[in-house]
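Undergrad: Note that the protein sequences, when read in sequence, are chains A and B.
Under my numbering, think of the first position of the first sequence as 1, with each following residue one higher.
Under my numbering, think of the first position of the second sequence as 1, with each following residue one higher.
Think of the hints as simulated: they come from the structure by calculation, not from any bench.
There's no promise every hint is true.
Some residues of chain B that are not near chain A, with every Cβ distance over 12 Å (derived) [said to hold, decoys possible]: (1) T6; (2) I48; (3) R158; (4) A162; (5) I193; (6) F200; (7) E205.
Simulated restraints on C-beta separations [as the list claims (entries may be wrong)]: (8) D150(B) / E239(A): 55 to 61 Å; (9) L17(B) / A131(A): 44 to 50 Å; (10) A244(B) / P232(A): 48 to 54 Å; (11) T3(B) / T234(A): 53 to 59 Å; (12) V101(B) / G49(A): 34 to 40 Å; (13) E224(A) / D164(B): 55 to 61 Å.
Chain B is faced by these chain A residues, among others (derived, beta-carbon under 7 Å) [as the list claims (entries may be wrong)]: (14) F88; (15) W96; (16) P106; (17) V109; (18) P113.
Note that beta-carbon positions come from the ideal geometry of N, C-alpha and C, so glycine has one too.
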Amino acid sequence: MDSLTGQTRAVPLLQVRNVRKVFQQTEAIRDVSIDVADGEFLSLLGPSGCGKSTLLMMIAGLTRPTEGAITIGGTPVVGPRPDIAVVFQQPVLLPWRTILDNVLFPVEVLRLPRKDYEDRAMELLAMAKIAEFAKHLPHQLSGGMRQRASICRALVRDPSILLMDEPFSALDAITRDEIGVELLRIWQVNRKTVIFVTHSIREAAFLSDRVLVMGRRPSTVAAEFKINLPRPRTIPMMEEEPFNHHSRELRKAIEASHAH
Amino acid sequence: MLTKITEKLSDIFWPTLITVLLLALWEILVRVLHVRSILLPAPSEIAITMVRQQDQILRHLWPSLYMTIVGFVLSVVGGVFVAILITYSEVLRKGLYPVIVVSQVIPKIAIAPLFIVWFGTGATSSLLLAVLIAFFPMTINAAMGFSSIDPDIHRMARTFMASDWQVFWKIRIPNALPYLFGGMKISITLAIIGVIVSEFVASQEGIGYLIKLAGGLLDTPLMMAAITALSLSGLALYGLISLAERYAVFWNSTRDDVK
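The shape of chain B in the complex, shown without the other chains (with noise of 0.2 Å):
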């Protein structure tokens, strides 16, 4: 008991001493060299930006945030919805998943230009570039997930007389959750991207917007600030679904056999 809290704090130690020693580092050599912070502002000077320009900052952080979780959840709902659609359904496993696994290459991003001719420049075409990039990785891996049951464990279910609604609830969905946790943590990542690129595009507010504005007023500190708030917050979801898995998916978090 005793060694695995050790373990723990030590897994959590040692990437928290190279952090903080890698700022230090940062803050030396932008004191000692005199780098103008146009150029590259100071850590502390980043965070003091933070705390002063607070109000801005979150103000422009809200709506990105806000686009984030709705299109996560969009995509999430979406996906799992066409994932259990392709497991049942020959003709579209055969006939949508290889277009859904082939659109990966598209790089989803170069189509936010026709996003805002075809949507305008709200939050129309964020949410639907979040939703665009985010809803094709969590699709694949609901997919996998679905479709991936021992074929052992569906004769063993077929003996027993399990229906095929029973195999889905009782066997699918359980079995399904590790892949779709892993795709929830890849969406909600792509999520953030899609909004902040939409942002960049053309919008009034949200965080993308502000470190675009922040760019063009050369207000390196502001910008470091926003692009520091947006990856806190991004790493607070990710951490937040992350603590969701370790509870729904309670017989991996200790995994000592395949079998």
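For reference, chain A alone in the conformation it holds in the complex (with noise of 0.2 Å):
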């Protein structure tokens, strides 16, 4: 596996290693490893119910691994950490809470000055380029721009792990493509660890440095992928070759993991 990843790795950030999760006799889960370095942009693919989420949450600490273990820099996954954030499915704002009084949830929560994290959080609106609904309620904006003040949410501590599980499925295709862009170019700034759990296969391909393929349950890793698009990643870029031959071969790899 590690002659895949090239030199990008040094030390791991986050291991799993050997992870297994069993439901009430039913395993999901069997046997994962995957190592993910500093700053990587890593997807899980897969299709729905395959158990990316389940890992997914398994490295947020809200779910213990039935077998195995979690560490990040070392030290094991016991809860949920100031320096891992999630992006749900669904951006899951406070309907009561103006955008910005959402953003700031986490501050509040862990009890930090408000005042030292305004000025990041409007950082974070006006890169989502959602600054002037600031003081706007959650429903007054469409649902691309509530999931893009969910992630503004999730960075506003600076945690050195973002996890995104599926988080652009219920946008429509142009949204989707248009905040994968965002998303990347806000990445590009702040360079956190990204887990990025998606069924879509173009999606994966143009965003992550690598792709991990996840068979039906119980499941494992089946397969593992770099992508090597440069970037700043584009739109246009979807159209072109390289980026064709990577969702082929995860297609294949898809199909492959059907097949058993």
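Reassemble the complex: the two chains are provided individually, in unrelated frames, and hints are given to aid placement.
TA: Quick look at the structure:
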């Protein structure tokens, strides 16, 4: 596995070691091991219900693996941590809070001084092009704008790892492409480690440094691909051959993982 | 903006027009058919009685309203308190909640005479009956509000390391507000019913007593005047709660999306 990932990975920031997860006698995940380097954009690609979200929730510390270990910077994950943030499939903004107050929610919860983070929150909103809606309520924004706000919320505490659980799957195709580009732009500036769960081949190929293809239950890592597209990535790249080549390879790997 | 105002005006205009038309029809029919006032007084006669006998009506209205409001406040405070217990204690949720829900079936008004036996004919009985019938819907609504959090929101709060206390104050309470106001609207109407019924059964004052007294004297105009005064007061109390709701639940007023 290591030979594939090139020299960007010195010491892995996140290590998933032989993790297995069983829900009431149903094995959801069987023996998954993943190393993620600091600053890497990694996608977990697979069909719905293949356990990739479960894996993400274990990394987030919301559930514990049945067997195996997850460590970040060498320390095991035993619960939610301030240096990990999650973006969910739905924006899950609090409807009674303004966009700015929603973005500052994680700051408030840790009892950090709001003043110190207000500028950062506004900067993030500006980067996500929704600064003018800071004082609006969530229901006044479109689905895409709300999801951008939820990404800002995840970044406000400056976490080192960003976990994204099919964050764009509820958006229409055009908005999806746009918000993907925006995400990469924000990622380029902040350089977080991103673990991105998706069932879209196109999305995985466009965003990632590396893609892990996961098979159906009980799921394991079926294949691993490095995406050698130059950065910054642009929407026209999706029409070109290198991108199509990666997409085809990913599709083949998914089909192969279904075969057995 | 302008269309919104016209829309609001037409929201008020049509029900008002219908009400006025019905009152006019009533007035005309009573006059044309020479219906005796003891059977059905005309709206104009009721209005005149309300003005002429306002001292008597108000004297009996205040104690009833006072009991209603105290009973309502006790029901709301008690209901919210019990709802919190139900939300956080599994034993109570499994044991007490079903009992509360099933007890809804009991027509609690029927217990009024029993209360007179236990607590006498005074204010205590009125208050207890008001609380007894207003408390349960409040409790059930509040319990629903506290427990109806979107599981995604709960997960979100946990990943950002919110404590249980923070989840309660920052999420459960605001999330429950629409349910709490829904419960309050039911409770205020029920509290009025509780007070009036206990005044029917045994009391020397209150608007329920006045209605019964006027009935005994075959003074139908006074009866109708008292009923009208009571209805208007009930409407005002309900309106106050609706108004408070509009300010407190500001994010729901223009709800155009579910999530």
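Undergrad: Closer than 7 Å between Cβ atoms is the bar; does P113(A) clear it against chain B? Give me holds or violated.
TA: violated (16 Å)
Undergrad: Taking the closest Cβ pair, is F88(A) under 7 Å from chain B?
TA: For F88(A), the interface hint holds, since the closest Cβ of chain B sits about 6 Å away, which is under 7 Å.
Undergrad: Taking the Cβ atom of E224(A) and the Cβ atom of D164(B), is their distance within the range 55 to 61 Å?
TA: violated (40 Å)
Undergrad: Given V109(A) was flagged as interface, is its beta-carbon under 7 Å from a beta-carbon of chain B?
TA: holds (5 Å)
Undergrad: Closest CB-CB distance from A162(B) to chain A, is it above 12 Å?
TA: Given a closest Cβ separation of 5 Å, the condition is violated.
Undergrad: Should the interface hint for W96(A) be scored as holding, given a Cβ-Cβ cut-off of 7 Å against chain B?
TA: Nearest chain B Cβ about 5 Å off; hint holds.
Undergrad: A cut-off of 12 Å on Cβ-Cβ distance, and I48(B) was said to be off the interface with chain A. Does that hold?
TA: Given a closest Cβ separation of 49 Å, the condition holds.
Undergrad: Could you check that no beta carbon of chain A comes within 12 Å of the beta carbon of F200(B)?
TA: It holds; F200(B) is separated from chain A by about 43 Å at its closest Cβ, greater than 12 Å.
Undergrad: Report holds if the minimum CB distance from E205(B) to chain A is greater than 12 Å, and violated otherwise.
TA: holds (44 Å)
Undergrad: For R158(B), is the shortest CB-to-CB distance to chain A above 12 Å, so the non-interface label stands?
TA: violated (6 Å)
Undergrad: Is 53 to 59 Å right for how far apart the beta carbons of T3(B) and T234(A) are?
TA: For T234(A) against T3(B), whose Cβ atoms are near 43 Å apart, the range 53 to 59 Å is violated.
Undergrad: Verify that the Cβ of I193(B) lies farther than 12 Å from every Cβ atom of chain A, and report whether the claim holds or is violated.
TA: holds (33 Å)
Violated hints, in rising order: 3, 4, 8, 11, 13 and 18; the structure is consistent with all others.
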